[in-house]
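> Sequence:
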Amino acid sequence: MSDYLVIVESPAKAKTIERYLGKKYKVKASMGHVRDLPKSQMGVDVEQNFEPKYITIRGKGPVMKELRTAAKKAKKIFLAADPDREGEAIAWHLANSLDVDIHSNCRVVFNEITKDAIKESFKHPRPINMDLVDAQQARRILDRLVGYNISPLLWKKVKKGLSAGRVQSVALRLVIDRENEIKNFIPEEYWSIDGEFKKDKNDFQAGFYGLKGKKTKLSSEADVNSVMDKLSDDVFKVVSVVKKERKRNPALPFTTSSLQQEAARKLNFRARKTMMLAQQLYEGMDIGKEGTVGLITYMRTDSTRISEVAQEEAAEFISSKYGSEYLKSDKPKAKKKGKTQDAHEAVRPTSTLREPSSVKAFLSRDQLRLYKLIWERFIASQMAPAVMDTMAVDLQNGEVIFRANGSKVKFSGFMKVYVEGSDDQLEEKENFLPDLVEGDEVIADKISPKQHFTQPPPRYTEARLVKTLEELGIGRPSTYAPTLDTIQKRGYVALENKRFIPTELGEIVLELIMEFFPEVINVEFTVKMESELDEIEEGKIAWVSIIDEFYKGFEVNLKKAEIEMREVEIEDEYAGEDCDLCGNPMIIKMGRYGKFMACSNFPECRNTKAIVKQIGVKCPTCKQGEIIERKSKKKRIFYGCDRYPECEFISWDKPIERPCPKCSSTLVEKKLKKGIQVQCTSCDYKELSQQ
Numbered sequence: 001m002s003d004y005l006v007i008v009e010s011p012a013k014a015k016t017i018e019r020y021l022g023k024k025y026k027v028k029a030s031m032g033h034v035r036d037l038p039k040s041q042m043g044v045d046v047e048q049n050f051e052p053k054y055i056t057i058r059g060k061g062p063v064m065k066e067l068r069t070a071a072k073k074a075k076k077i078f079l080a081a082d083p084d085r086e087g088e089a090i091a092w093h094l095a096n097s098l099d100v101d102i103h104s105n106c107r108v109v110f111n112e113i114t115k116d117a118i119k120e121s122f123k124h125p126r127p128i129n130m131d132l133v134d135a136q137q138a139r140r141i142l143d144r145l146v147g148y149n150i151s152p153l154l155w156k157k158v159k160k161g162l163s164a165g166r167v168q169s170v171a172l173r174l175v176i177d178r179e180n181e182i183k184n185f186i187p188e189e190y191w192s193i194d195g196e197f198k199k200d201k202n203d204f205q206a207g208f209y210g211l212k213g214k215k216t217k218l219s220s221e222a223d224v225n226s227v228m229d230k231l232s233d234d235v236f237k238v239v240s241v242v243k244k245e246r247k248r249n250p251a252l253p254f255t256t257s258s259l260q261q262e263a264a265r266k267l268n269f270r271a272r273k274t275m276m277l278a279q280q281l282y283e284g285m286d287i288g289k290e291g292t293v294g295l296i297t298y299m300r301t302d303s304t305r306i307s308e309v310a311q312e313e314a315a316e317f318i319s320s321k322y323g324s325e326y327l328k329s330d331k332p333k334a335k336k337k338g339k340t341q342d343a344h345e346a347v348r349p350t351s352t353l354r355e356p357s358s359v360k361a362f363l364s365r366d367q368l369r370l371y372k373l374i375w376e377r378f379i380a381s382q383m384a385p386a387v388m389d390t391m392a393v394d395l396q397n398g399e400v401i402f403r404a405n406g407s408k409v410k411f412s413g414f415m416k417v418y419v420e421g422s423d424d425q426l427e428e429k430e431n432f433l434p435d436l437v438e439g440d441e442v443i444a445d446k447i448s449p450k451q452h453f454t455q456p457p458p459r460y461t462e463a464r465l466v467k468t469l470e471e472l473g474i475g476r477p478s479t480y481a482p483t484l485d486t487i488q489k490r491g492y493v494a495l496e497n498k499r500f501i502p503t504e505l506g507e508i509v510l511e512l513i514m515e516f517f518p519e520v521i522n523v524e525f526t527v528k529m530e531s532e533l534d535e536i537e538e539g540k541i542a543w544v545s546i547i548d549e550f551y552k553g554f555e556v557n558l559k560k561a562e563i564e565m566r567e568v569e570i571e572d573e574y575a576g577e578d579c580d581l582c583g584n585p586m587i588i589k590m591g592r593y594g595k596f597m598a599c600s601n602f603p604e605c606r607n608t609k610a611i612v613k614q615i616g617v618k619c620p621t622c623k624q625g626e627i628i629e630r631k632s633k634k635k636r637i638f639y640g641c642d643r644y645p646e647c648e649f650i651s652w653d654k655p656i657e658r659p660c661p662k663c664s665s666t667l668v669e670k671k672l673k674k675g676i677q678v679q680c681t682s683c684d685y686k687e688l689s690q691q
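Counting from 1, position 55 in the sequence shown corresponds to residue 55 in UniProt numbering; the numbering is continuous, with no gaps.
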């Protein structure tokens with residue numbers, strides 16, 4: 001018989017914590033939620049103050065039986081689910097199922113799974129926080145009222161299997177609004193003039209700035225010709241040299257959102273994959289002599305706060321490894337955005353001393369890459385700013401002014417460890433200028449006018465969409481990954497070149513929701529609702545009043561939609577070929593993993609085929625087959641012969657039709673960071689890369 005029973009969410013966490021607590025404690029896992037609203041019905045009584053009807057989740061019977069047996073043998077039960085609303089709700093459901101007094105000190109929370117943190121948390125158990133539970137219940141009931149009322153309408157009027165949720169509908173609207181911006185975008189012409197200059201033996205570049213000291217816009221070729229006519233010769237005089245010292249501060253430690261964004265940029269991880277790996281690192285990894293230990297703090301957070309203990313340990317590490325000059329002189333202050341949930345810290349390593357190299361042998365490749373990203377970001381956040389020497393030089397020829405900007409790192413500071421990425425560039429590059437002083441003369445080797453056109457806003461990547469949702473205040477850390485997953489699984493959007501493109505189905509669904517349920521996809525309404533959920537958590541308002549206020553208007557719209565919503569028939573898209581089995585036309589369907597071909601005679605004929613994308617190149621090996629685009633198990637594109645397995649030609653790089661002019665072998669397009677380079681597969685022939 002154990003003196004104490006501790007219930008956590010996952011078996012991995014249970015194993016780690018039991019080792020820390022000792023023999024008097026038995027730690028078991030609930031495997032997440034044990035009770036929830038039923039899937040087969042609404043489960044919310046709108047006539048009785050939206051009373052939820054909770055049932056034991058199907059399949060959780062054996063788990064609950066095991067927990068009840070263990071509970072009867074224990075003197076005291078501790079509920080140690082995750083330290084957020086969802087975790088508090090899990091603890092509350094467990095308390096109800098196991099007859100634990102919610103007002104007793106039964107709830108234990110910790111931000112990291114390390115020996116010290118676990119032991120300290122068990123010294124300060126507390127009652128279950130019903131404000132947190134009510135906030136979770138309010139979100140769950142609100143989403144159930146929306147989803148279980150609108151979804152059946154969409155099944156009836158459009159097609160089965162559709163859904164409509166608060167956050168996912170707003171995310172879909174953002175994608176479609178961006179697509180409409182792109183379609184309606186009218187490019188505007190503008191020009192630039194670039195110059196290549198020489199001072200002694202030093203080459204550098206400068207661009208046209210303006211005329212007579214004033215910045216001048218070049219809108220047409222006529223503007224450019226006017227400037228070119230004003231140039232008297234190729235000698236330019238240095239008329240201004242401005243040297244400055246600029247500090248660049250490190251990025252703050254990761255929140256859930258910034259972690260998902262940076263993992264997408266630097267590691268090419270989808271949001272779902274990032275959260276799965278982060279969960280593994282948080283719950284605990286066996287790292288040899290230390291045993292199983294949590295490597296990072298809790299990964300669902302929108303706070304950038306760091307504990308003093310963690311800051312002090314990082315300071316000692318930085319001083320000893322890099323030198324005291326690399327240590328930040330003042331303690332970094334976390335920035336709060338609106339009603340940031342500040343219950344726990346930013347995502348950081350549980351110990352600065354566990355360098356990525358020291359745990360490399362115990363982690364998978366992807367676990368290590370994510371841990372390294374989190375570790376480096378945290379260390380950099382505690383380091384001194386980088387210092388850049390900048391130089392701006394104005395070159396004059398008559399009325400014409402060219403400007404050159406240069407920079408170089410004077411002191412690397414945090415950049416020695418880590419530089420934050422962005423959607424546009426990964427790092428700040430140095431641009432060296434020769435040592436110039438006013439009065440110097442430089443020679444223009446080449447002056448090149450270039451025509452440009454303004455570009456439409458880019459389609460959303462996962463990182464951009466997560467960032468936008470966060471900036472708008474829509475959703476919470478735990479909702480971003482499942483939201484993006486859902487709009488793809490429902491076939492509302494497709495990913496093309498890692499960017500979201502709305503489908504016809506997505507546009508139809510959004511149009512119907514906008515017509516009859518405008519508040520559901522209204523950004524301001526969704527933000528207001530998130531704010532009110534925060535107020536429920538803080539104990540300022542009752543959850544029933546918030547739901548009641550929403551439902552009054554929603555119910556009116558629902559009754560109207562049931563009568564007036566038109567039926568929409570989505571026409572089949574024909575694939576252009578007939579079924580191999582029955583001869584009926586094949587049509588294109590949208591499945592969980594993208595588009596595929598299916599027989600139009602379904603369900604009598606269940607023939608399906610993958611969609612083959614030809615690239616218009618004959619197979620260089622067999623000379624008979626066509627090269628087609630394929631996808632590996634990990635969704636990476638490669639190219640192979642359509643006569644496989646008879647012909648086994650494959651290539652990660654895209655073959656092109658023309659042969660190598662040097663040896664007549666196959667040319668391929670190799671993707672580089674700055675464009676595409678055509679090169680030969682047999683010899684050293686290469687062509688200049690193209691953007």
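Mixed in with the good hints there might be a few duds.
As a list, the in silico DSS-like pairs of lysine-lysine whose alpha-carbon atoms are at most 30 Å apart [unchecked claim]: (1) 160 / 631; (2) 76 / 15; (3) 60 / 26; (4) 670 / 618; (5) 662 / 618.
These aren't lab readings, by the way, just hints derived from the structure by calculation.
> Against the structure shown, which of the earlier numbered hints fail to hold, in ascending order?
none
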